[in-house]
Every structure is written in C-alpha cells, then in structure tokens.
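Asks: Sequence:
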Amino acid sequence: KGGFDIIVSSIPYQVNKSELIIKMADLVNSKKIEGIRDIRDESDREHQVRIVIELKTGVNPQNILNNLYKYTDIERTFNFNMIALVDGVQPQVLRLKEMLQYFIDHRDIVIRRRTQFDLNKALDREHILEGLKKALDHIDAIIKTIRASQDKDDAHKQLVAKFKFSDKQASAILEMKLQSLANLERQRVEDELKEKQKLIKELRALLADPKRILGVVKDELVEIRNKYADARRTKVVARAAKVMSMDDLVPAEEQVMVLTKGGYIKRTDTESYKAQKRGGSGVIDIDTKDEDFVNIFLTVNTHDDLLFFSDKGKVYQIKMYELPEGKRATKGKSIMNFLSLTGEERITSALVMPKEGKNEEKFLVMVTKKGVVKKSDAANFKDVRRSGIVAIGLDKDDELKFVNIAMKGDLVIMATKNGQSITFKESDVRSMGRTAGGVRGISMDDKDEVVGADVVQSEKDFFLLNMGEKGYGKKTEVKNYRVQKRGGSGIKTFKVTDKTGKLMVSTVVGPETKEMIAISQKGQVIRTSLDQVPVIGRQTQGVRIMRLKDGDKIASLTCL
Numbered sequence: 054k055g056g057f058d059i060i061v062s063s064i065p066y067q068v069n070k071s072e073l074i075i076k077m078a079d080l081v082n083s084k085k086i087e088g089i090r091d092i093r094d095e096s097d098r099e100h101q102v103r104i105v106i107e108l109k110t111g112v113n114p115q116n117i118l119n120n121l122y123k124y125t126d127i128e129r130t131f132n133f134n135m136i137a138l139v140d141g142v143q144p145q146v147l148r149l150k151e152m153l154q155y156f157i158d159h160r161d162i163v164i165r166r167r168t169q170f171d172l173n174k175a176l177d178r179e180h181i182l183e184g185l186k187k188a189l190d191h192i193d194a195i196i197k198t199i200r201a202s203q204d205k206d207d208a209h210k211q212l213v214a215k216f217k218f219s220d221k222q223a224s225a226i227l228e229m230k231l232q233s234l235a236n237l238e239r240q241r242v243e244d245e246l247k248e249k250q251k252l253i254k255e256l257r258a259l260l261a262d263p264k265r266i267l268g269v270v271k272d273e274l275v276e277i278r279n280k281y282a283d284a285r286r287t288k289v290v291a292r293a294a295k296v297m298s299m300d301d302l303v304p305a306e307e308q309v310m311v312l313t314k315g316g317y318i319k320r321t322d323t324e325s326y327k328a329q330k331r332g333g334s335g336v337i338d339i340d341t342k343d344e345d346f347v348n349i350f351l352t353v354n355t356h357d358d359l360l361f362f363s364d365k366g367k368v369y370q371i372k373m374y375e376l377p378e379g380k381r382a383t384k385g386k387s388i389m390n391f392l393s394l395t396g397e398e399r400i401t402s403a404l405v406m407p408k409e410g411k412n413e414e415k416f417l418v419m420v421t422k423k424g425v426v427k428k429s430d431a432a433n434f435k436d437v438r439r440s441g442i443v444a445i446g447l448d449k450d451d452e453l454k455f456v457n458i459a460m461k462g463d464l465v466i467m468a469t470k471n472g473q474s475i476t477f478k479e480s481d482v483r484s485m486g487r488t489a490g491g492v493r494g495i496s497m498d499d500k501d502e503v504v505g506a507d508v509v510q511s512e513k514d515f516f517l518l519n520m521g522e523k524g525y526g527k528k529t530e531v532k533n534y535r536v537q538k539r540g541g542s543g544i545k546t547f548k549v550t551d552k553t554g555k556l557m558v559s560t561v562v563g564p565e566t567k568e569m570i571a572i573s574q575k576g577q578v579i580r581t582s583l584d585q586v587p588v589i590g591r592q593t594q595g596v597r598i599m600r601l602k603d604g605d606k607i608a609s610l611t612c613l
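With the numbering used here applied, the sequence shown corresponds to residues 54 to 613, in that order.
FYI, nobody ran anything at the bench for these hints, they're computed from the structure. None of the values given here were measured: they were computed from a predicted structure. Wrong hints could be hidden among the right ones.
[Stated by the list, open to error] Okay, derived cross-link-like pairs now, SDA-like style, lysine to any residue, Cα gap no bigger than 20 Å in a straight line:
#	residue 1	residue 2
1	K552	R591
2	K408	G490
3	K500	V549
4	K415	D481
5	K386	G462
6	K602	Y281
7	K251	L176
8	K215	S202
9	K187	Q169
10	K217	D207
11	K123	E179
12	K461	K500
13	K365	K415
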C-alpha cells in the first residue's frame, strides 16, 4: 500500500506478547503514537513471534520505532547489583569494569604465588642436583664414608664435614640406596640440572614482567573458554537494538560530494553536470563567496562510509547519506555541523572507506605538502570516531594533503607545483602505525610544494592527467615515467609557463575513466570526455581544457 511494515520477531524476557499488542493498540487509539494503520499477530509454529505493524504511507518507520521503544516493553532494560568483598574487608557495589579489574588482579596474585611456588621447588631440586653432580666426582669415597659410619646421623655429619655438602644435599644422598648411588648416571643428572636451570630462568623472567603475567592470565582464560564455553543465548551489542537503520531507508545511488575550501559541504545528483566540449567555459556550480572555491569533488554511493582527512593530520568518518543534500547552485552547509573540527582545521582529502576483500591487504598512502609520504594499514581506520583520530604525525610547518588507497605492488606518483614528479613502488615505504610520521617521498626547494599524489596498479593503460592553474591540461602515459627510488627530485611532468600557470592538479586515470569534471576557484564547472584531452609527452604544456575568466584559476578536478 506504499508504506513500511515493522516486523517484531522477538520480544524481551518476561514480556507477554498479548499484553504488548494491547498496549500498542491503546497507544494508537489514544493518538499517543500516530502513523500506524494496523497491528496483526501472525505468530504460528514456524514463527513463534511475528507481530506485523503496518504503517501509513509517508510515515517514517524510525520515528514509530522510537516511540514503541519509549512507551512499550518492545525493549526492556535489566539491572543487577554487583556486590563483592574487596580485600576481604567490606562488601562494595562494583561497576562492571571494576569487577573485571579486581578479578584480573586476583588472577595476577594467584599466578604470581603459583610461579613463586614452582620457582622455589625448582631451586630446591637444582640444589639437590648440584649435590648429586658433586657426589659423582667422589662417588667411591662417599660410598666408603657411608659404609664406615656408625649410623645415619654419623654419615650425615661425615658428608657435610668431608665433602662440604649442605644439609639438604647430604640428606638427599643418604635417602638413596647405595646401589642406586653407585649406578647414578652423570649425563642424566647433568641433563636434569640444565632443565631445572632453564626453568628457573623462565620463572624468574615471568615474575619480573607484569605484561607476561597478564599474558598468562589471558591464555588461561582462553583455555577455559575453549574447553567449557557454549553459544550465547543472548546477543551482546554496543547499544540498544534497532530493527531498522537509515541504510534501509535511504536508496543506494551514486551522488557527487562537493566540499569547498571554506568548509561548505553538500551531496547532489551526478546528472546535474552535463558533459561539454573541451575548451568550454563551464557552468556555475555553487554559490560561494569570492574567496571560497570547490576543494574536493567525489563521486560516492550514498551508503558508503567517507573518511575525511584534515591538514592537521586527523581523520574523521561519516556516512555519505548523513551529509546535506543540495542542488547544483546551492552552497551547502558547514562541515563543522557534521565533523568535530577545530577552528583552524580544514579538510584536504576525502575517500571512500576501503571495503574488506579476501586475501587483499589494503593500505592508505598519505602525502604531505612538504613531500613526506606514509603508508598505513587500512584496517587501522576501520572504526573512526566522528570526533576524529590521528592519521599521521606532522612537522609544525607541514600539512596532510593527499590520501589514496593502495595494494601490494602498486606504484605511487607524486607531482609538484613547479612541474616535477616522481614514481616509486609502494614497497619502498614501510607500513607504519597510525600515529607515526612518514618518510621523504620527493625532494624539492622551499618554494615548491606537492599538488598531486596518486596510486596506480600498473603502468599498462594508465595515464597521468595534469592541469595547470590557467586551464591547460594533457594526458601522459604512466609508462613514460620511469620507476625511481623515493626521496629524489624526480623528473619533469608538466612544462610550467606564463600561459599555463603553475601545475594545480595531477591525478591518475585508467581505461574505465570516461569523463572529467574541473571546477574553478570562482565556481565554474566543465564536464568533458577524457577522449578530448590529448595524450602528449611529459615535457609539454598541454592544450586549453577550460576557458577561464580573468583572475580565475583551476581549483579541483575529479574523474567519473
């Protein structure tokens, strides 16, 4: 009938299904909850619990669910008090974390006592074995002394006096039969002595290292779990269960994400940008102030997770559909409404969170304005707080500018404002921790800076698309860029002249890339086929791609 249905397939412990349905009906009749057309109990043998809540057309199901959670027992919270004797003194009410910590502390004490007991036992045995080893050196004299003694006490005194044995060593020798003592094998004694000495060393190392003690606690808990654990009957979740999420309500479709340098963001339909011939003047994309212009332009699915990287080296995460929707000429809303940025922090790069693939190790390659490059495992950025986390450690005068996804065997290409570029293997950069800094990617003078950084899977069928600030651009085959070691000054990729201006954009395009969208600082946009951009050599200036008005410059470029 055009509306949503909410299906209840399970209810909380001790909740009566019939009473729950009656409560829902009362809320509808009293108009405390509006938007429900019908409530049906379709429970049967196959579906032990199946309550169908039919909604009216145009009603937001999430709002109905929120009210059901609020006014009915469709969701219930169970509380319990954790009272325990702490240090055997007085009962205390503990929080879950405190209870777990006291248990870990208790296990720490138990393992330390057990280890100390084993150590004392091993030390005693080592002492006895050292006595037996010493006895083997004088076995005949020892046997003769024992036989000549009047009794056991006399023999004990003689062994201590003549051979300097300790009381324990002398007692251990006397407890052995003379035949066993005579047949004692030196190799067996020495092997056992070495074994005990090794054990003593391990036990002392364990007692001296709190982290190793905690490791034993963990290993023993895992062993108990593997031996005795059975499947949970309830599911532990981080927050209250929700039957429906926004993913179910928002259609999955391709949209364009636009972010200005001034921090205004929006998402809009890709069809808003019609393809034009090379050399066109473009259309006005966004209502921005004179000093603002489009900085990042991405084609993204509405269900994708976006990672936003700031110039300060932090990363933030948000769903594409959580961003405001707008028309082509609207300004959008401040990104500060969606991400917890500091006052002076600005977003310089954005990408779609990499999907996990079988046998695919993915990395994020980060490049700074000063030519530093860093590689980090993409798994480090799987769950990023909206308040942000550190993605790279930066020098005070440096900024994070570009972030790309890479896999093993890929090539990294960096380009600078003065038209230099360098290509090197991703393996030249070791994988680093999330908060670490990077290593030198390209060497350049103080007045130069990195304006483009990308990753390419191979040299075959890939091009480097370069565009100067005055609208001149070209494509050059990646195979024309020899692979070098990172850290050098690179080779020429774009001929910088007064006509072209400085190099502003440098990005890799492949055979599946059909179109490009270029945006100027004053908001002009041109969408054109990449087939119209000529393929020419590295040391050339290219052709006019976009005709700009006086004082305007290229701000960003994206490919579709």
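Asks: Going straight from one Cα to the other, do K365 and K415 come out at no more than 20 Å?
Replies: Roughly 23 Å between the alpha carbons, so the hint for K365 and K415 is violated.
Asks: For the pair supplied as a hint, K500 and V549, is the alpha-carbon distance within the 20 Å limit?
Replies: Holds: K500 and V549 sit about 14 Å apart, inside 20 Å.
Asks: Does D207 lie within 20 Å of K217 when you go C-alpha to C-alpha?
Replies: 15 Å, holds
Asks: Regarding the pair K552 and R591, is the alpha-carbon distance no greater than 20 Å?
Replies: Given pair K552, R591 holds - Cα atoms ~17 Å apart, limit 20 Å.
Asks: Next pair to validate is K251 with L176; report whether the Cα-Cα distance is within 20 Å.
Replies: Holds, at roughly 11 Å.
Asks: Check the hint pairing K187 with Q169 against an upper bound of 20 Å on the C-alpha distance.
Replies: The given pair, whose Cα atoms are some 27 Å apart, is violated under the 20 Å limit.
Asks: Next pair to validate is K123 with E179; report whether the Cα-Cα distance is within 20 Å.
Replies: 69 Å, violated
Asks: Compare the distance between the alpha carbons of K461 and K500 with 20 Å, and conclude whether the hinted pair is satisfied.
Replies: 33 Å, violated
Asks: Is K415 within 20 Å of D481, Cα to Cα?
Replies: 15 Å, holds
Asks: Is K386 close enough to G462, meaning Cα to Cα at most 20 Å?
Replies: Cα-Cα ~40 Å, so violated.
Asks: For the pair we were handed, K602 and Y281, check the Cα-Cα distance against 20 Å.
Replies: At roughly 75 Å apart (the allowed maximum being 20 Å), Y281 and K602 break the hint.
Asks: Would the pair K215 and S202 pass a check requiring their Cα atoms to be no farther apart than 20 Å?
Replies: Roughly 13 Å between the alpha carbons, so the hint for K215 and S202 holds.
Of the numbered hints listed earlier, those contradicted by the structure are 2, 5, 6, 9, 11, 12 and 13.
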